[in-house]
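**Student:** Each chain, letter by letter, is given below.
Protein chains: 2
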Amino acid sequence: MIGDKWTVMIVLTLVDQPRRFNEIKRINGGISQQMLSRTLSALERDGMLTRTVNPTIPPQVEYALTHLGQSLAGPINELGAWARSHILEIERNRLAFDEAKAKV
Amino acid sequence: MIGDKWTVMIVLTLVDQPRRFNEIKRINGGISQQMLSRTLSALERDGMLTRTVNPTIPPQVEYALTHLGQSLAGPINELGAWARSHILEIERNRLAFDEAKAKV
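If you read the protein sequences in the order shown, they are chains B and Y. All residue numbers for the first sequence refer to the UniProt record's numbering, where the first residue is 1 and numbers rise by one. All residue numbers for the second sequence refer to the UniProt record's numbering, where the first residue is 1 and numbers rise by one.
Any given hint could turn out to be false.
Since copy identity is lost for identical chains, a pair holds within one copy or between any two.
Using 30 Å as the maximum straight-line C-alpha spacing, the simulated DSSO-like pairs for lysine-lysine come out as follows [what the hints assert, rightly or not]:
id, residue 1, residue 2
1, K25, K101
2, K5, K25
3, K5, K101
Worth flagging that the hints you see were computed from the coordinates, not collected in a lab.
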């Protein structure tokens, strides 16, 4: 569950505030409607977030991290910080790897 | 890259010692030959691990984390520690969620 890319992205998306389905989808441009629904239900089932239907017209569905969900944000932010501080090194490595491969 | 489940699993597999392809595959029972090859090449291209062909007969290929690869182990271990300390709570939540759903 936690090694899954969209789980990581959705927890980060909700860490600051509750959001509605389409907001989450827009923020995570690459995710499909189906994948977002599946990941949100899995996170709800795990107790990582709550799903609230607000009685507006039309009704609005809002997703918010629970305490358990918030507690995952720490390790995920560490992973994000690692990525940000190493991305240039990784990009240099990829360039060097591709150049070496092109010479073979 | 780092949000990918198999990247996380393979870095953890190599964190203690270099290993050969089949060892890595056996330790990560669920991974296919193709997915393991693809993930190992991506990690090699990123500079996260080295691939060494030992001149034995038959030649043996060994994979080892680089300094960059080792540095990812910290945040990944944090994620693993989070999972281990919350797995029971998540399983209770899943049980409660399924029971509630069965009543609807």
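**Student:** Are there hints from earlier that the structure breaks, and if so, what are their numbers?
**Tutor:** Nothing - there is no hint that the structure violates, so all of them hold.
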